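Going down the list, the protein sequences come from chains X, S, F and D. For the first sequence, our numbering gives the first residue as 1, with consecutive numbering after it. For the second sequence, our numbering gives the first residue as 1, with consecutive numbering after it. For the third sequence, our numbering gives the first residue as 1, with consecutive numbering after it. For the fourth sequence, our numbering gives the first residue as 1, with consecutive numbering after it.
Hints may be right or wrong, so weigh each one.
Below, simulated DMTMM-like cross-link-like pairs (lysine to aspartate or glutamate); rule was C-alpha separation at most 20 Å, straight line [as the list claims (entries may be wrong)]: (1) X:K52 - S:D83; (2) F:K55 - F:D83; (3) F:K52 - D:D138; (4) S:K49 - X:D246; (5) X:K52 - S:D138; (6) X:K49 - S:E191; (7) S:K52 - X:D125; (8) F:K52 - D:E191; (9) S:K55 - X:D83; (10) S:K244 - S:E191.
By construction, these hints were calculated from the structure, which means they are not laboratory data. Quick caveat, the model's predicted, so the values are computed rather than measured.
There are 4 protein chains.
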Amino acid sequence: MEKIINLNADLGESFGAWSMGDDAALLNIINSANIACGFHAGDPSVMLKTIKQAKTCRVSLGAHPSFPDLQGFGRRIMHLSGDEIQAMLIYQLGALAGLAHSQGGKLTHVKPHGALSNLACENMDIAQHIVNAIKNFDPTLIVLAPACSALAEAAQIAYLPTALEIFADRTYTELGHLRPRHEPGAVLHEEQNCITHVFSMLNAGGLVTPSQRIIPTAIHSICVHGDGPNAVHIAQALRTALIKADWKCIPLPAMPIFNM
Amino acid sequence: MEKIINLNADLGESFGAWSMGDDAALLNIINSANIACGFHAGDPSVMLKTIKQAKTCRVSLGAHPSFPDLQGFGRRIMHLSGDEIQAMLIYQLGALAGLAHSQGGKLTHVKPHGALSNLACENMDIAQHIVNAIKNFDPTLIVLAPACSALAEAAQIAYLPTALEIFADRTYTELGHLRPRHEPGAVLHEEQNCITHVFSMLNAGGLVTPSQRIIPTAIHSICVHGDGPNAVHIAQALRTALIKADWKCIPLPAMPIFNM
Amino acid sequence: MEKIINLNADLGESFGAWSMGDDAALLNIINSANIACGFHAGDPSVMLKTIKQAKTCRVSLGAHPSFPDLQGFGRRIMHLSGDEIQAMLIYQLGALAGLAHSQGGKLTHVKPHGALSNLACENMDIAQHIVNAIKNFDPTLIVLAPACSALAEAAQIAYLPTALEIFADRTYTELGHLRPRHEPGAVLHEEQNCITHVFSMLNAGGLVTPSQRIIPTAIHSICVHGDGPNAVHIAQALRTALIKADWKCIPLPAMPIFNM
Amino acid sequence: MEKIINLNADLGESFGAWSMGDDAALLNIINSANIACGFHAGDPSVMLKTIKQAKTCRVSLGAHPSFPDLQGFGRRIMHLSGDEIQAMLIYQLGALAGLAHSQGGKLTHVKPHGALSNLACENMDIAQHIVNAIKNFDPTLIVLAPACSALAEAAQIAYLPTALEIFADRTYTELGHLRPRHEPGAVLHEEQNCITHVFSMLNAGGLVTPSQRIIPTAIHSICVHGDGPNAVHIAQALRTALIKADWKCIPLPAMPIFNM
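So that you can see chain X by itself, here it is in the shape it has in the complex (with noise of 0.2 Å):
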């Protein structure tokens, strides 16, 4: 059997003169981009870049939604109704397939960003307005969602295409969620671990949990990131890692996803 897989990362977080995180370099080692819409980061003008850029490169076009805060970069929990979030989601989803769409590109993915994340993967109602949001303004659009959460579980029940994807410096909790980030061991900081916690996983699976049980999942994608100090360079060798050992890195929309 053919091995695939693919690597995502959150682009074009800049937002008018102040610049984030090094898209170019990403680019040209992940397939698929998750792309700031505006509320958290991401200007209209740094969205069209950031989609040229991204043609260019062949990576797959993905919607970063967000809750309304600048400031905050979207990382602040908002108490927002459900027809908030799903006006507010369809929005940013409308936006950047607009500016995609008139760069003849296509949206083919979607991702939510920050706490809006954080919500959705533990609130099976936050979940579904999310899902519902995505459905009702393109259903043939991928979610991209953290295997074992709660996203995933609405995005599959709602018949969406649903790509699972592992986080490559981050480890998880007994029952498959992310660890906290302030709690210690919960981010990976060197490249080796990084890659050795990716490929257990791809080999066993399944998220693989502190004391070393497997969670199975199917995994459809790794995220990868491009801020921090070495951060690039860890996904630049995780890139090569995965190719050396025959994995094929591929962006989402030629992943063979289908709902379980």
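With the hints as your guide, set chains S, F and D onto chain X.
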């Protein structure tokens, strides 16, 4: 020959807890709505609600994009680059189109708002940036532009379907431009004056200047307003007068609009 | 003993082209204004205008700071750090104090708005961050807080002058907290009910719970509203009833407020 | 006669998760900081942090108010009324002064930012609105203005303490205005050129035009920058050269500034 005309108005200009205009009343009068896209008014929830209401009333959906200026309601000129204007415009068109699409609706026209529109009516360079943005987003969209404006000319040069509008309550200069609001006589407040003004232009087949000179132009649409003490009343009276005079009021997409 | 009381209301909640409330009417009824500081409502021009109006009517000036959320009118909970809350609060206090100072006026009290206030009434940690901010900005400012709230307690613990308010149109739980708006009977809509409610508390010297239990508290101020169909009418009737019953309505800085 | 001069720079231009400039390095070089006030950069938390850092380094505190335009970093002209400019300015001054005050610090100067500054340097009407706002807020504040600008003139006419600045890395027109950035030679990139440029002006007692004409002016301050590849390096070198040449670098409030 059948006498057909369109009535358009700006809608969805509430924001969060703040209301503006009497959308419900206007929707029973007009045929096409210019819907705020979040930059000068209209948050995502307001946009969604307005789209639903317009669909129920069989009013066609148009975008009313603006400079990014909530406090100034898009009425303050901002010096943006052409690239910024284009990206900002497509962002707004996409956002509204996405929300419309989520309701089974379709965006069919664009009419710039406020200071952006004023600039586009006078400045061919700005007009062309707006037209380019619309063309790149969706070249089937109707550009709703004031008759005899630079925006109308730019849209026609770009072979975009262009609907030419007159204003029920605004008078013109000898050159066919809107007289600045602060000039005496620039704004008509009386119902009968508005009706007489509109019919004089429809009958003449052109704008009528203060010296009663006629500047010939096609007239596809009449802009009415929903704010102001008796704006809705005037709009209703105008519609009644038009129907009585055998004018048929229809949505913009039903108008036979060609590029000349 | 002289019967003195203060009437306060939220003011200056317009924004740009959008109006809210009947400030002009309220200013002839109340003694102290809680003025929006730009984060949930009230742009700088609205703030300046409100300050001028309040000064003309000899209404004392208070700040009504909020979470940064124009679309949600500050009514949506946001999870901010204590440091963020403190900085954000002082920013707003400073801005309003500066505008007041430019008109020869002086900021004399602070009353948090919306979701920030709700959190501060229940959560001692949030309350203390707010109180710290006020203390660091100006320890002579009066904290206007609901009677029996965590905010009132935190203010008193910090030795800030603390004015305790009751609500003319809101009923309480058995614990002395405001009943949530969505509960039946939580909001009083009838003029006579509001007046009876207020007098029962003033006469009892405490909050009156649904079981007619009295929770003793000092009462320095009564909060009235200017939005809603007959809010101004109720406020006026309450003021008339108070004066008829020999209550003297005075601005907050004229109240003898001590820390207990 | 003692040779005294001030070095100033724009600080606190980060926003939320986005960083800008090397404030820590600059604070060891300059004597006075122009701190962003939240309208083009600098959220309340960034402002508070910057104030703390500046105080630690004994750098005097100034406000750097701007048009309300985060995306454009305050560099895009906006057409605001004089009343809007005044209210917006006092809002920002008050916010920063409040945060400074909460740290036991004091705001001592004002320097407009970006497009607002450019307008104020050319347009006496705009300059006077800015000066009026400052005067109404606190007439003891020093206006830090480019030498030979309309802003400097307006401040002096209003009897505000006015510090005149030159730019280490910018050259002038024959009329004594800054040459537009896009013109060749407008910006100096070499350390030695900047130092030579500054000393030629200090020694001449005036601006030096391209034809080597001298436009006499008092010079109280030199503006240096912290962005750009070697800006901090140039600023440090300039400071070293000044000290070597027996110039004493002091904060603005220590400068003997009179109105002439």
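Verification of the hints:
no.: 1; hint: X:K52 - S:D83; verdict: holds (14 Å)
no.: 2; hint: F:K55 - F:D83; verdict: violated (33 Å)
no.: 3; hint: F:K52 - D:D138; verdict: holds (18 Å)
no.: 4; hint: S:K49 - X:D246; verdict: violated (51 Å)
no.: 5; hint: X:K52 - S:D138; verdict: holds (18 Å)
no.: 6; hint: X:K49 - S:E191; verdict: violated (49 Å)
no.: 7; hint: S:K52 - X:D125; verdict: violated (24 Å)
no.: 8; hint: F:K52 - D:E191; verdict: violated (51 Å)
no.: 9; hint: S:K55 - X:D83; verdict: holds (19 Å)
no.: 10; hint: S:K244 - S:E191; verdict: holds (16 Å)
When held up to the earlier numbered hints, the structure conflicts with 2, 4, 6, 7 and 8 and fits the remainder.
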